[in-house]
Structure formats: structure tokens, C-alpha cells
Amino acid sequence: MTALFKHDKPDNRNVLDHTAQGIIGQPLTRPEGILKVTGNATYAAEYAFDECLEGVLVTAPFAKGQVNSIDEKSVSSMPGVIKVITDKRLTARAAQGTANEAPKQNVCEVHYWGQPIALVVAETFEQARDAAKHLKFDYTEDTDAIFDPEAADSETEDGATQQGDLAHAMKQADASVDLHYSTEGHASAAMEPHASIAQWDGDTLTVHASLQMLNYNITELADAMGLKEGKVRLLSPFVGGGFGSKLGVSQDVVAASVAAMELGRPVRVVMSRQQVFQTIMRRSETTQRLRLAADADGKLTGFGHEALVSNLPNEEFAEPVTQSSEFLYGGENRVLQIEVARINRMTAGSVRAPGEAVGMPALEAAMDELAEKAGIDPVELRLRNIPEVHPSEGTPFSSRKLAECLKEGAAKFGWDSGPRTPRMQREGEWWIGTGVASAARVHNVGEAKARVTLQADGTALVQTDMTDIGTGTYAILGQIAGEMLGMSRDDVLVELGDTKHPRGPGSGGSWGAASSGSAVFVACEAIAEEIASLLGAAKDDLTLKDGIASWGGQTRPVTEILDGKAITKIGHYEPGDTEDDYAASSYGAFFAEVAVNQWTGETRVRRMTGAFGIGRVLNEKTARSQCLGGMVWCIGSALTESLLFDPVDGHLVNCDLAEYHVPVHRDVPDMDVILVEERDGAASPIQAKGVGELGMCGGAGAIANAIYNACGARLHDFPMTPDRVLAAMPAD
Amino acid sequence: MPISINHQPYDLPDDPRVSLLDFIRHDAGQSGTKKGCDHGQCGACTVLVNGVRINSCLSLAVMHDGDEVTTIEGLGTIDQPSALQKAFLEHDGFQCGYCTPGQICSATALIEEIRAGWPSDATGDVEQAPKLTDEEIRERMSGNLCRCGAYPNIIAAIREVAETEL
Ligand code: FES
Ligand code: FES
Chain A
1 MTALFKHDKP DNRNVLDHTA QGIIGQPLTR PEGILKVTGN ATYAAEYAFD
51 ECLEGVLVTA PFAKGQVNSI DEKSVSSMPG VIKVITDKRL TARAAQGTAN
101 EAPKQNVCEV HYWGQPIALV VAETFEQARD AAKHLKFDYT EDTDAIFDPE
151 AADSETEDGA TQQGDLAHAM KQADASVDLH YSTEGHASAA MEPHASIAQW
201 DGDTLTVHAS LQMLNYNITE LADAMGLKEG KVRLLSPFVG GGFGSKLGVS
251 QDVVAASVAA MELGRPVRVV MSRQQVFQTI MRRSETTQRL RLAADADGKL
301 TGFGHEALVS NLPNEEFAEP VTQSSEFLYG GENRVLQIEV ARINRMTAGS
351 VRAPGEAVGM PALEAAMDEL AEKAGIDPVE LRLRNIPEVH PSEGTPFSSR
401 KLAECLKEGA AKFGWDSGPR TPRMQREGEW WIGTGVASAA RVHNVGEAKA
451 RVTLQADGTA LVQTDMTDIG TGTYAILGQI AGEMLGMSRD DVLVELGDTK
501 HPRGPGSGGS WGAASSGSAV FVACEAIAEE IASLLGAAKD DLTLKDGIAS
551 WGGQTRPVTE ILDGKAITKI GHYEPGDTED DYAASSYGAF FAEVAVNQWT
601 GETRVRRMTG AFGIGRVLNE KTARSQCLGG MVWCIGSALT ESLLFDPVDG
651 HLVNCDLAEY HVPVHRDVPD MDVILVEERD GAASPIQAKG VGELGMCGGA
701 GAIANAIYNA CGARLHDFPM TPDRVLAAMP AD
Chain B
1 MPISINHQPY DLPDDPRVSL LDFIRHDAGQ SGTKKGCDHG QCGACTVLVN
51 GVRINSCLSL AVMHDGDEVT TIEGLGTIDQ PSALQKAFLE HDGFQCGYCT
101 PGQICSATAL IEEIRAGWPS DATGDVEQAP KLTDEEIRER MSGNLCRCGA
151 YPNIIAAIRE VAETEL
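Read top to bottom, the protein sequences are chains A and B. When the letters of the first sequence are read in order and numbered with full-length UniProt numbering, they come out as residues 1 to 732. When the letters of the second sequence are read in order and numbered with full-length UniProt numbering, they come out as residues 1 to 166.
Looking at chain A on its own, in the form it has when it is part of the complex (with noise of 0.2 Å):
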């Protein structure tokens, strides 16, 4: 019933070229995109439960102390207000990604300045959340917290390079620079907030909620909860955005599960936005030290990258900075390192391209520093540094596309290799600059498991535990089994978020359609060898499409042969030694135009082109809108998103959508996007690696460069606000 296929070796047969349907890749739309845009998808707060209470947390207004105790008494005769739950199983932090066991408890003792400490539970949400605010509580504030990661302890990450000599490569190269950037922390904020519903019924505990990796949120919970885990059920059929904030377990789930169970009853606990900004997951502020050195043709001798990230005390997380600078680029001289500082600040954690999304602008960025150094055009510096094997672990790269990336783009762009002095273009008082920037997003893979039934009327089910987080999971997962068993999409029914299916890896680290759509390919190619034997054919023979098998030059009805019964299979994705066997990833390269207002410093991004190479394309609609929504973040990165903390008390003072700027539609001009031909079937059996991060993996670099070569600010620090513009624009 189980059909496993180990990833040993890559698997090169591309199977999916040579099926009969015709609909992989093809730029279908989301069978789920009808309840979406006619307001029919349920995400996690919308159910609608009888005798449902309601729970609104209450957070401390200080960074680091213990609260004493809490005054129940002070809200429990306003109305409606059922109870205070303070229980020791709360959580005090989101569980990190994978973390696979309780996120920290014991919330009375506060480590960051919002921090839950309870939660009020009352009939309505208005009853909820006026008590919440009335909640009166003793605690007492340690003076030694610590909000400056510069002047806090830190530690060295485990991973570090140190390869020959930089420091003398840095002496003997023909050019080089020694660099210095930061960029500051991000929020996830994805458009819904945290939100839970949770169920018990004196035997399971049942929550709704807006997770991304049910496998491992199944057992942060119930190991939260002191329960086993075939006695809890997680449902997160739509996900209103994630971008890492909901990989873990976060607390609204765990407190609404402590008081439906106290209370028999099913508990509402939605977070507010600010709650979301002041609790949930932050992207680590960076400093970064970028040392680069070329021989007369450009050729990278020395490569240094070296990054300082903060986390809170006992957080294993920290922002893998140089994560693709590892083997981007050659230079056999390296050192790349990553030092964590211990701060009070909200849990680190990851943010849509943990490590690259920060670690790659300011490389790229230094790269344009480095080719107006030598005189190349940094197109050809690119091109120039492509190294033929992992730099430091020697290992070869499966389908790398980089090269292909950076031309077509700079095609399909207008790049002009021409001479690159800042200040050529003008328009009244806009100065028109232009800047390319590398991509590259490692490849991950994680065990999967998902259910695919041929029923007798010939249509399919796809039954798994993964999620949609927005990235296409409805669309690409019935598009594979439509593919592998011969009909349309629109025959395949897709069923996902919900812990009773088989499991698999969840949404994050761009993982999903790579591991979940092997599972779902597995359990489809074992379906067709069950048909092949029942029909006595040879496997490879055997040709699904429409409905009708064909083999050896006969033909009969899929609905036929099945005669009355379903065959149901599970496919069981498991990575192997492809993973240590070749340096997988995904690369691309962004190419922008701005404008830069000589008087306010203000930059707008005018277009933007990316081309990307991410193994086998699914879905030709859903890739391009990941990559589109990547380069989005980019404009965000490179000119908006910042979290501001107040240095004396540690608070987050742009906590809402007003003070934090996600790019508005205003601020995006028409992108182009190009997925470049490839095949990857080192990186998964359906040669497809992941595209959800990549699209925002250098391209505030590529923006960054642009400034430069538009207005001749020269700035190191992101994001690129009007008043630093301004502040780095030379005079005339």
C-alpha cells in the first residue's frame, strides 16, 4: 500500500516529460481560487462553533522579570468574563520551524516586551478584550535586560569557514573591498493574523488553526499540552499568508487549547496585528562585514562574509546570513561566520528566505562595488565567478542555471554593458540608474508522505496533511496526479491541512512542492504499475490519458479496468544521499531601474525583471506569482521594512501596518518575470526545486545598486530610506 522512494541517486528519468496528459507546468488556475475570491475559504477564526468563547491575550508591557501573580479578581465581575487562564502550559514564544517539541513555557517569566502572560476568556470578543486591558497584575522588571545587540555577548554558530589565507588575498588582489553593511529586522506579517479555534471533546483536542507544518505543530502541541499526539487533530485547510511567522506552533494555539479544556467549551484566541508584530517570529537585524578580493580578470581569490544576528537567550535559531555565499562564488581563500548576540528582543526566527534574504543583497551590493573597482560590468563579474564545484566542500552541483539566468535577463531587461557612471540619466528631478543582483535560494527537501486514490469512476483523490500557504499547493499536488494518471485537474479533488491524512513536511524553507509533490508522484507511479499488472502490460508501456489506458497497441477505459473498485496508494518521499551528494539550489538574477528624487532622496523602483531557474516549473501561473511576490519583498527590503525598538524599554515601536511599510500597490511597477528551462533531478524525482523564497533573494541588492548607479549614493545600510539616500547623495 506504501510505495518509498529513496533519493539515493538523481532521478534523471523526467517522467513527467514523457506522460500523455499534458497539463504539468501549464499555467492552470487554482482549483481552490473560486472560494477565495467569492469569500468562501474558511481560514482558522471563521468557524462557526456553538457556545464558542472567546479568548484575548494579555501581554507584558515590560522586557525582562517575572510577574508575581495575577489578579483574576479585577475582570471577573465585568461582563461576560468566564476566566482568566494562567496556566503552565501556556507558551511564552513560537515554536521555531521543525522545532518538533513545546516552544518555551512558564510565562511568568518575561524575556521580551510583549510577551503573553494570560489569557481572558469571555462570551463575546468586545467582553474579552475590554478585561484584558482591566487585567491588573504584580511583576517585577530586572534592570539587566539587554536591547543592543552590538554591545551584548554573543556566540560563534557552528558551520563556519576558514579556508587559506583572506587576509593576504586581500593584500595581493588587483581589487577588492572591505565592506561594512546592516540591514534592519523584518516582520513576516502575513495578512492574517495568528488565529485558533480550539475543540475538546474529553478525549481529542480538535484546533483550527493558521499553521504551515502541521507534522511538527501536532507534536509542539500536544507535547505543550501533555497530551499524546493521536489525541490531537490540526486543521489549517487555508492559511492567509505565512512567510515563516506560522511554522511553529505560536501561542493563541496552545492558550486556546489550555482553556477549551478547562472550560468545555470551544475557545476563540485570534491575536491582534500588534500582538502578531510584538510576539510572533522577528527576521534578526544584521551587521555585516563583506571582504572581496579579484586578480586582474575579476576573478575572486578571497571571499569573506561575516555576519553578527541576535536572537533571545536559548534560541537555537540564528539568521544563516551566508547561507548561498558559501558556493555562489569562488575564491579559494574564505572565511564566512555567523555570531549570535543574546538580546531581549521577540524570538528570531525565520522570515521568508531566512539567511539569503539579508545575507544576499549585501553580497550582491559588494559585487557592484567589486566590478566598478576591476572595470568589469557586473554582469560579466557574475558570470566570471561561477565556480565549478562547492568552493569549500568540493561537492559538484546538481542543475545550476545562474549563468543562463543572468543573460537572459539582462536581455529581456535592455542591460546596457556600456560604462556605468552614476548620474547619465535624468528626468526633471528624478536621476534614472539601473543595478543587477545574483539570486540564490539553497534547495531543501523533507520526508513525505501523501494518499492518492484512482476511484472507480475514474476520478483521483489526493489526500495530505501539507498546506497551501497562497504558494500553489491545490493547483501543482492536482496537476502531478492529473498528469501521472491521465485526466484532467479538474478530475483530480485535492484535500490538504488536516493532521489525519499522511504527513509531510508543511510549508517553509520552500520545501513543499518538491517533497509533497514527490509523495504525490510516488504513490501516482505505483498506481500505474497496479494498472500496468492488471492489464499485463510492462509498465513502461502503459500510456494514461483521458481516462483511457493504451499499451501495446490496445486500449480500454481506466473506468474499466478498475471495474467497480478504487486503488489507493500512499507515496512516501524519503531525501537521501542526493542531499550530501551535490550542492542543490536555486538561483536567478534581478535586474531593476529607479528613480531617485534629487531633492528628498525618495527612490521608486520603475521596473524590475527576474529570471529564475527552479528545476522543473509545475505551474507556470503559481511560479510566477511567487516570484513576483518575492521581488515585491524585495522593493520592501530595499527601501521600506525596518523594525524600530525602543532602546530604554526594548519595545517594538512600529508594531502595526501603519508604522511597519510593506510595499503598497503603488510602489510596484509591472515585473517581468522568466523561469528559465530546467531539469533538476538531483534536487527531487519531479525535477522541481522550491520557488517560494528565491524571488526575494538579492533583489533589494539589484535596487541598491540602481540608487548607486542613478544618483551616486553609495549606501551600506537597508533599508534605503529618503533620509539616508539623501544623506549619502554626493553633492554636485
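No lab work stands behind these hints: they were computed from the structure. Careful, some of the hints might be misleading.
Mimicking SDA-like on lysine to any residue, the simulated pairs with C-alpha atoms at most 25 Å apart in a straight line are [claimed, not checked]: (1) 299(A) x 133(A); (2) 133(A) x 18(B); (3) 133(A) x 17(B); (4) 621(A) x 131(B); (5) 136(A) x 106(A); (6) 621(A) x 82(B); (7) 621(A) x 90(B); (8) 621(A) x 163(B); (9) 565(A) x 530(A); (10) 621(A) x 77(B); (11) 131(B) x 428(A).
To be clear about the criterion: a stretch of chain A counts as covered by chain B if any three or more of its residues have a C-beta under 8 Å from a C-beta of chain B, and this derived list gives those stretches [stated by the list, open to error]: (12) 619-630; (13) 656-663; (14) 708-716.
Quick list of the computed label-pair ranges, beta carbon to beta carbon [claimed, not checked]: (15) 65(B) x 42(A): 53 to 63 Å; (16) 126(B) x 155(A): 57 to 67 Å; (17) 493(A) x 126(B): 48 to 58 Å; (18) 58(B) x 455(A): 17 to 27 Å.
We put the beta carbon where it would ideally sit given N, CA and C, even for glycine.
Starting from the known structure of chain A, fit chain B with the ligands onto it as the hints suggest.
For chain B with the ligands alone, kept in the frame of chain A given last:
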């Protein structure tokens, strides 16, 4: 007088603190309208009140005595989606879908606003009727955030429908 939501009458809530948004989502059980911020900062809660778009989180339900409220559910259905709903689907003008009802309600009102000749920040000469430029659409849609970054596809969908309707 009751409040009408998609032509269905509902009694006003007893609790004056209930926002129009929570009333629609909770009391009226029409959860197509979304809450993204509850502070008028994201546009997810956009609905039409007597044909004009507002952020329903910034308004109290009790202020809408006798008003006709149209939400995403009132614009079209699964079987009979509106032209904008179809265009959003075709152009992939969404990803997670959470901002989408607000985007579509806003876009529906935007077409009427341009038809009525209302100027915006992007309108060069306010004496003249606004033209249906991309910049004009982008400006008028800028109160509707989309963190998934579906903006270029949203504009393509609105442009297509507005061009045929105006
Ligand atoms: S929920 Fe009303 S504007 Fe955000
Ligand atoms: S579609 Fe996700 S926020 Fe717009």
C-alpha cells in the same frame, strides 16, 4: 431599522462596541470580509456601504442603522462570479486569498469612482475626468495591502475589467 447585509436584514447588536467588521463576520456569519489589522491600515475589511467603499473595522455596527452593506459574498457567487472575481481568478490576482475580498470590493468601488470623475493623487489635472491609467489604479488601490505581493496580477485583473466597463 435593521442593517441590511447583501439584502438580508439583521438587527443591530446590543453591544455598541461591535465594529461593523465584527458584526459582518461574526453576528451575520458572513466571514468573506477579512480582518487584517482592525485599525484601518490594511484594507482587508473593505465593504461597500450604500455603494461606497469603507474600512468596516473603523466603523461601529450601530452607526449603520438602515444602511445597505455589500460584501464580497454580495458581489458574486461560486456559480455566478462577478467580472472582477473572474478576472482575479484568471490573472492569479491573489495567493493566500486573505486580502482578496477587500481588493475586489475596493476595485468594484474604484470603477464607479472613476466613472463618477472623482480625482485621486495620481490624477494630473483635477479639472479633467481621471483617465484609467495603471498609476491611477495603483493609487486608488494603495489602501489594500497584499503581503503575498500579488500586486502586478491584481492590477492586470482590474485593468482588464475596468477597460471593458468604462
Ligand atoms: S482590518 Fe480594517 S483596514 Fe485592516
Ligand atoms: S493574497 Fe495573500 S495577502 Fe494578498
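Structure-based check of each hint:
In summary, the hint linking residue 299(A) to residue 133(A) is not supported, as the alpha carbons are separated by about 61 Å, beyond the 25 Å threshold. Between the alpha carbons of residue 133(A) and residue 18(B) the distance comes to roughly 16 Å, so the proposed pair stays at or under 25 Å and holds. A hinted pair counts as satisfied when its Cα atoms are at most 25 Å apart, and residue 133(A) with residue 17(B) qualifies at roughly 14 Å. About 29 Å separates the Cα atoms of residue 621(A) and residue 131(B), which puts this hinted pair outside 25 Å; it is violated.
A distance of roughly 19 Å separates the Cα atoms of residue 136(A) and residue 106(A); the hinted pair therefore holds under the 25 Å criterion. Distance hint between residue 621(A) and residue 82(B) is fulfilled; the C-alpha atoms sit about 21 Å from each other, no more than 25 Å. Note on residue 621(A) and residue 90(B): the hinted pairing holds, with a Cα-Cα distance of about 10 Å set against a maximum of 25 Å. A distance of roughly 23 Å separates the Cα atoms of residue 621(A) and residue 163(B); the hinted pair therefore holds under the 25 Å criterion.
Restraint check for residue 565(A) and residue 530(A): the C-alpha separation of about 12 Å stays at or below 25 Å, so the hint holds. Between residue 621(A) and residue 77(B), the direct Cα distance comes to roughly 23 Å. Compliance with the 25 Å bound is thereby established for this hinted pair. Between residue 131(B) and residue 428(A), the direct Cα distance comes to roughly 23 Å. Compliance with the 25 Å bound is thereby established for this hinted pair. Restraint check on the stretch 619-630 of chain A versus chain B: 8 residues with Cβ-Cβ distances below 8 Å, three needed, restraint holds.
Given a C-beta distance limit of less than 8 Å, the hint that chain B covers the stretch 656-663 of chain A holds, as 5 residues qualify and 3 suffice. For the stretch 708-716 of chain A, the assignment as covered by chain B is violated, since 0 residues bring a beta-carbon within under 8 Å of that chain's beta-carbons and 3 are needed. Judged by the Cβ atoms, the range 53 to 63 Å given for residue 65(B) and residue 42(A) is violated: they are separated by roughly 30 Å. At about 59 Å, the beta-carbon gap between residue 126(B) and residue 155(A) stays in the expected band of 57 to 67 Å.
One distance hint, 48 to 58 Å for the beta-carbon pair residue 493(A) and residue 126(B), holds here, with the actual separation near 52 Å. Checked against the given bound of 17 to 27 Å, the beta carbons of residue 58(B) and residue 455(A), roughly 49 Å apart, lie outside it.
Violated hints, listed in ascending order, are 1, 4, 14, 15 and 18; each of the other numbered hints is respected by the structure.
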